[in-house]
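Novice: Knowing the structure of chain A, use the given hints to seat chain B on it.
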Amino acid sequence: MDAHATAAPQTGHDSPLGLYLKVYVALMVLLVLTVGVAYLNIGAWSLPVALTIAAIKAVVVVIYFMHMRFTGKLMWVYISASVVWLGMLLFGVLIDVIMRTR
Amino acid sequence: MSEAAHDVTLSHQFDDLVQQRESAQLGMWLFLVTEVLFFGGLFMAYSLYRMEYPDAYAECSKLMNMSLGALNTAVLLTSSLTMVLAVMAAEQGRIKALIRWLIVTIGFGGVFLVVKAFEYHHKFVEHLVPGPYFTHEVHNREACQLFFSLYFAMTGLHALHMVIGIGLLSTIAWMASRNKFTPAYNNPVEISGLYWHFVDLVWIFLFPLLYLIGSR
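In order, the protein sequences belong to chains A and B.
Per my numbering, the first sequence starts with residue 1, numbered consecutively.
Per my numbering, the second sequence starts with residue 1001, numbered consecutively.
If we strip away everything but chain A, and leave its shape as in the complex, we get:
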């Protein structure tokens, strides 16, 4: 995606109202879904399922509301870095605790 071609400030983003409303409805459906799943009592699966739905909501917000589909490669590097660093933190600490205490 060429950032300069799509981020021209004179024209702004092509931001159709309809798309935002569809994204909003999708987010609300996912919210109802995650609350519904909580009542199913699926035990150990409840957390992974709830987190998967949360991750989908997060990606939708980042791509459509935070305009990631318009931004350049450098921004993607930054966002990926935050996920990688958070992953390193979680992985590093949890693997240490699991190995030493179990």
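Some clues are possibly wrong.
Pulled a few chain A residues facing chain B out of the computed Cβ check, cut under 8 Å [what the hints assert, rightly or not]:
id, residue
1, 31
2, 38
3, 78
It should be emphasised that the hints constitute simulated quantities derived from the structure, not laboratory data.
C-beta atoms are modelled at their ideal positions from N, C-alpha and C, and glycine is treated no differently.
Specialist: Chain B alone, transformed into the frame defined by chain A:
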């Protein structure tokens, strides 16, 4: 000053408006990366103790008011929609619509904080605030206090970000009323929106982790 908005929009260190806009976005994203790690430490602590006390987490999560949590999630998702409509209005040069959507967004932020305040109040009344008066009606009192300590730390830090966000959007609305923004220059609106959506993102993960992990 406001009549000359077109002339003062390009700072001298930038080649053009495109470069200026991308620099502003990159700066905000860089800040948000540090925010991910800021909240990440708390998510880390949450995960660590959940591995240690999964049963206490499941039991104490049930003491949360899921309806209010779900309501607040809906309020924040709606505020994200109105925020993106504010940014759209700014890009189209519709200043009145911009100010209107900003005020609506601030209003939803206020509703979120009021609901949160009621929740905190209930926690105090029900003796679910960690300390000497913490309830004895749970199996693992210590682990349950740990869960509620994390609840107050995580939602408290998130609520602080909401308060800052409301201050930020109020400033943007005031700037908009002074004709500071044009279709060519609205970087402050856009990057404030990025911040607002980020605070929404944090809540999207807090909601299932705190409210939904207990069986019902």
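Novice: Next, verify each hint and record whether it holds.
Specialist: Evaluated hints:
| no. | hint | result |
| --- | --- | --- |
| 1 | 31 | 5 Å, holds |
| 2 | 38 | 4 Å, holds |
| 3 | 78 | 5 Å, holds |
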